[in-house]
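Novice: Those protein sequence lines, which keep their order, are chains A and B.
If you number the first sequence the way the numbering used here does, the last residue is 736 and the count never jumps.
If you number the second sequence the way the numbering used here does, the last residue is 736 and the count never jumps.
It should be emphasised that the hints constitute simulated quantities derived from the structure, not laboratory data.
Mixed in with the good hints, there may be bad ones.
Chain copies aren't distinguished; within one or between two, either way the pair holds.
Below, a list of computed lysine to aspartate or glutamate pairs in the EDC-like style, where the Cα atoms sit at most 20 Å apart [said to hold, decoys possible]: (1) K444 x D242; (2) K295 x D350; (3) K505 x E612; (4) K444 x E644; (5) K78 x E557; (6) K576 x D524; (7) K64 x D191; (8) K505 x D591; (9) K505 x D524; (10) K444 x E240; (11) K444 x D106; (12) K629 x E363; (13) K505 x D155; (14) K576 x D591; (15) K78 x E612; (16) K576 x D480; (17) K629 x E617.
2 protein chains.
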Amino acid sequence: MVDTNSNSPSSIAFNAHHSPVGAFASFTLGYPGASGGFGLELGKPADQHIFIGAESAKAAGTFELLPFFGEMENEQDQFVLDSQGDTVRKARVSAVPWSAVTRRFRPCTDSWSAGDLTFTVFSPAWPLPDPADGDPDALKTRLLPAVFAELTLDNRQGDRDRRVFFGYQPDNHAHHIRENWNLGEEGICSLCDGSHYGVATAHPGSGTALHFDLQTILGERDRERFHFGNATTGIVDWIAPAGERVTVPLVIGFHRAGVVTSGLACQYFYTRYFKTLDEVLQYGVDHFEIYKQAAVEMDAQWDSAELSESQRFHIAHSIRSYYGSTQLLDHQGSPLWVINEGEYRMMNTLDLTADQLFFELRQNPWTTRNVLDHYLRRYSYRDEVVFPGETEAHPGGLSFCHDMGVMNCFTRPGTSCYELSGLKGCFSYMTHEELVNWSCCAAAYCHSTGDRTWRAQNVDVFEACLDSLVNRDHPVPGSRTGIMKLDSTRTRGGAEITTYDSLDESLGQSRGNTYLAVKTWATYLAFESLFLTEGREDLVAVCRDQANRVMQSLLKAVRSDGTIPAVLEGDHSSVIIPIIEGLVFLRFTGREDVLKEDSPYAPLVAALKTHFIAVLKPGVCLFEDGAWKLSSTSINSWLSKIYLCQYVARDILGITGPAVEAAADKAHQAWLTGHPNAYWAWGDQFYSGDLKGSKYYPRGVTSCLWLPEPQVGSLS
Amino acid sequence: MVDTNSNSPSSIAFNAHHSPVGAFASFTLGYPGASGGFGLELGKPADQHIFIGAESAKAAGTFELLPFFGEMENEQDQFVLDSQGDTVRKARVSAVPWSAVTRRFRPCTDSWSAGDLTFTVFSPAWPLPDPADGDPDALKTRLLPAVFAELTLDNRQGDRDRRVFFGYQPDNHAHHIRENWNLGEEGICSLCDGSHYGVATAHPGSGTALHFDLQTILGERDRERFHFGNATTGIVDWIAPAGERVTVPLVIGFHRAGVVTSGLACQYFYTRYFKTLDEVLQYGVDHFEIYKQAAVEMDAQWDSAELSESQRFHIAHSIRSYYGSTQLLDHQGSPLWVINEGEYRMMNTLDLTADQLFFELRQNPWTTRNVLDHYLRRYSYRDEVVFPGETEAHPGGLSFCHDMGVMNCFTRPGTSCYELSGLKGCFSYMTHEELVNWSCCAAAYCHSTGDRTWRAQNVDVFEACLDSLVNRDHPVPGSRTGIMKLDSTRTRGGAEITTYDSLDESLGQSRGNTYLAVKTWATYLAFESLFLTEGREDLVAVCRDQANRVMQSLLKAVRSDGTIPAVLEGDHSSVIIPIIEGLVFLRFTGREDVLKEDSPYAPLVAALKTHFIAVLKPGVCLFEDGAWKLSSTSINSWLSKIYLCQYVARDILGITGPAVEAAADKAHQAWLTGHPNAYWAWGDQFYSGDLKGSKYYPRGVTSCLWLPEPQVGSLS
């Protein structure tokens, strides 16, 4: 939570999502200039001028606005080719200086104040019932593709009436701004862009006014001229009478009808309940208080958690970016949950699913099952494997694609949009990584939910996963070390990569990678537990054997300084933080026993702790500002993974202190709120603090691991 | 028709629409660079790189393309943040020089040749049966939202196989390029952007290949890597074997499902027959020959008309831009015909309807009735009128809005998106102009079609129109002069304007305007005829009386040099060409009797002819290059109105010679094909030859008045 009245804008001038759940929609706001607005299915902020302001208390006829607009295009010249002698009165508008703005930033409310003006957005980040067996009324309420706002002008000290307004000017002509006169009969005042998004209020006396620019709208005295259909700018406005404090509720709605995806033809699930944008706005107006109350109550729950201000900032920001990426589709009557990958817009990227898992298991556990089922049914494949430099194929097995498609286009069954053959770096296959990811997610889902039916249905799949994992170690049982040594034949002469695709080989290559080794080890341990429950003693033995081999291989690799190399192949000098990452799955798959001092695996846990302490040092895996550097040999560091490893370090390995807590959190907050990074809301890939990739991204919800268990701020 | 192999690109390097009817879609192509492509509901070309080319005959592995692409963005850097050591082979591509390109440009085929490569687009501009009673099979066939192309490589002289391709790279990320694998089972190879547009072929051996850029696609040898889902560029490709001439048919399809408009919720009419883009492409592939044959046959009909090459160019270009603006909607089961106004995207602008009328009465007469009915039902109003500078309201009457909305947003009933009160120039009301336009269109529709039912149904409306016209002359019968003297109260202190909104007062102001006077005179004459048929002698007398008063007023205004001033109010020195414009309606409403030498109106016709001859002179109403200057006091001249006045001068007033024929046509062609004008396909408003407004515009079909009667190239 940011709650400051700083003279420097940098701490509060950042974009954040304000999103419903499942609508792939975001009313993004907070960065200076024309940087936010109504975004539907975008991989970036909408770059609209957003006008939130009121007539000045000091100078009648001039207007002061929150600083969310830039230089404004005036299209009139396009039509007025000759001078016609008609004069237009343009009002003076100015932005409140950032030094006069206060922001209160929480997961479900976001509020800006400047003088007597306050604008607050409410976007309850509530869980979504399982459409198969959840409360249908709650499902409808929560799927409404809208967020809510209040605009208050405290004119109690004022001696004259003042005009207050909320409006916008889109940056392009894909849609057209219009007064939504259809809702007028319902007593609702509404301004929309085509049938895709808009704002509505039932505040008595409110109206719409449209023209080419805000200055003309505010300068115009004749309301008859407010209906201009060729307008490119519009506002909803009303009067705050002298001596009164007026708060106006606003519904900010989104809607996209019909089939929205290709490959698989799906619609938005919410269209079952809301056929048109008008229905969305009407419902929002009628139920405003429910949404506002939910947002306020959820925030109060969050406040009760014992977290630092900086931690709260990271969590709130991450959840917002995640919700803006959610898309609940309806495919032939069945729900299909999709998380869109920020600026890249890849769909349900499986290595993100494995990180977002922890949040979903708190929030919407059924979505994990939904995604896993869809992967198994449509985006899994079977391969063979080869040793590097060789051509002889050995048995491989089941694995999963990197993703299900991109930009609303589902790929062919058994293929991702990302993976290409013949490569050793970016865009190569992630066969082993995704096999581990699907397996860990499945095990965590079973453990967290106790869903015995699903577990029993999939025992054969788990067995196939185990078989496939073992085959990627070595075709000869006696030669197995628990470490991946063979690449998928799908790479066709290339080599597999991990989710850390854009880092150097310390994290990017899969074979011999110790990050992947520990995650694989956790998978064996999770499967051991699963197969034990299912009475498959034969497979339990395999799991134990492989888990032990991973441990022995890693312990053998420990160097004199206590560190473990990033890659157990060739002569790699890198050391990495994420070698500890896989430990998180021990907790979420019911294997906390492994963490005990008397566990047979205690030596590995101790070695990982020693390694971590050894590398978390300036010049190794710490940047100068105290931020974490995931690899000693790359300046590319990812916040989502840092959050995760912070959790492992603190809550699993028991390592505390500023370097893993306050100092790191503040450095990372400074990255996110620095300019121009802050334009992108939450972002992941920073190069020494500069946001370079994975912008506008959902993956940061690994920060929710920091929440106490049982979850405070459970959002339910 | 342009059929040249000039060394100068200027004569053939112009964009043109290639459009189905009623789909508001255009495959625009012809201007250099990334200037065309797949446009759906756009007010401008799509600015895509279009790749049409083949492996060079001289250098294997290098590729030569038609010059329809620009510098290409390579997105790979966005992903490859670190160097991964993976090398990509990029092929060399180059554009054929314009000097080596030949273009054959006709209304329904457009063909470019360079060396042994030929690319031809077929877009039959056929009439559309009335959905109410036309042939349903023809309706389905003609509404298919697709155009067709053939790409030929003549490799008969070649000694090795050569790769040939058609592809594109969109300029933005609104949609996503993808291989359309769904159609693969049908033996169709297809490349699409989401579910909105794409290309397909059933040519055996064709495939798709995708990557970030064309150079990589063409450099890649491994077809397994052609499926890249994250691609931003794609091609459909095949091999032309050595010694063979290979022609591949391509279907270029568009589709937009569901409700596409707001205000009135409408879908595309074609969605009755084609639910998805895949159905469009499949149907197109299955019926390719029908469409190709239709285009070729229609062109042959056109060729049979006795027209100059330049006239053919204007007609072909105009029809193409018109078809790209057509949109047949389905509103609650009824057809709704919309012409979108080019770059402005206003819908069914009534003063354009009155110019496009002549084309529609040949082509799709029912659409005129459809638009007139919709205006009457929903976009008409009743007003009062005032003298300038006064406030006392006098009876006004029925009139019609300027338009029905903009950018797929229908305005409130009784309002346009354009008109605003309180103005004297652009965006003011066009009450008198639109009253005359609706009346002329209605009379012309009745006369051309002989639709007695509709005429009889609307006698009361015609009477209301007549009453309204007379009231705008003068409230006191004895003071009437036939000339408009009162403005609508809707102007609220402003003044009405004509369709020539952006010209100076010579054409822009309505009161006293002689352009409007002659058009009003033609309306009275048309109504006289209508009421005579309907046995309303009382109204016939009014019409005659008013028509005579118009004539007397105009004759009184003739000056010693034979010219008539542009405005019969104050001291206006301007003279204008469009004073003759209204004469066109005499012919189309069955009043050619008026043109005879023994007609009581012969003095006015003679005066108009004298006026026209007097003003069509360099320095008055001719630009130096021989182009027409509509007003002596404005450099803003409109091609659509020039075409119309050329027709009136030649075919009604009998004035011939280079100034009204070849010299003018060539000068106007040079305007359209000059750079950068030529980017905008057909455009209307030129400032001394520079296209400044009304770009990408439908209004040019006034050129079809030049076609012989009965229509050669009737397109049926």
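Novice: Should K576 paired with D480 be assigned to within, between, both, or neither, using CA atoms and 20 Å as the limit?
Specialist: neither (34 Å within a copy, 100 Å between copies)
Novice: Between copies, within a copy, both or neither: which fits K576 and D591 at Cα up to 20 Å?
Specialist: within (15 Å within a copy, 103 Å between copies)
Novice: 20 Å Cα cut-off: does K444 pair with D106 within a copy, between copies, both or neither?
Specialist: So K444 and D106 pass the 20 Å test across copies only (6 Å; inside, 66 Å).
Novice: At most 20 Å between alpha carbons: which applies to K444 and E644, within, between, both or neither?
Specialist: neither (31 Å within a copy, 66 Å between copies)
Novice: Is the C-alpha distance from K629 to E363 at most 20 Å within one copy, between copies, in both cases, or in neither?
Specialist: neither (35 Å within a copy, 65 Å between copies)
Novice: Between the shortest in-copy and the shortest cross-copy C-alpha distance, which are at most 20 Å for K295 and D350: within, between, both, or neither?
Specialist: both (14 Å within a copy, 18 Å between copies)
Novice: Evaluate K78 and E557 at a C-alpha cut-off of 20 Å and name the case that applies: within, between, both or neither.
Specialist: Neither. Shortest intra-copy (80 Å) and inter-copy (68 Å) distances fail the 20 Å Cα cut-off.
Novice: Pop the pair K629 and E617 into one bin, within, between, both or neither, using alpha-carbon distances up to 20 Å.
Specialist: Only inside one copy: K629 and E617 sit 13 Å apart there, 109 Å across copies, limit 20 Å.
Novice: 20 Å Cα cut-off: does K505 pair with E612 within a copy, between copies, both or neither?
Specialist: neither (28 Å within a copy, 92 Å between copies)
Novice: With identical chains treated as interchangeable, where does the CA-CA distance between K576 and D524 reach 20 Å or less: within a copy, between copies, both, or neither?
Specialist: neither (24 Å within a copy, 89 Å between copies)
Novice: Using 20 Å as the alpha-carbon threshold, which applies to K505 and D524: within, between, both, or neither?
Specialist: within (19 Å within a copy, 80 Å between copies)
Novice: Is it within a copy, between copies, both, or neither that the alpha carbon of K444 lies no farther than 20 Å from that of D242?
Specialist: This pair counts as between: shortest inter-copy Cα distance 16 Å, intra-copy 67 Å.
Of the hints listed earlier, those the structure fails to meet are numbers 3, 4, 5, 6, 12, 13, 15 and 16, in rising order.
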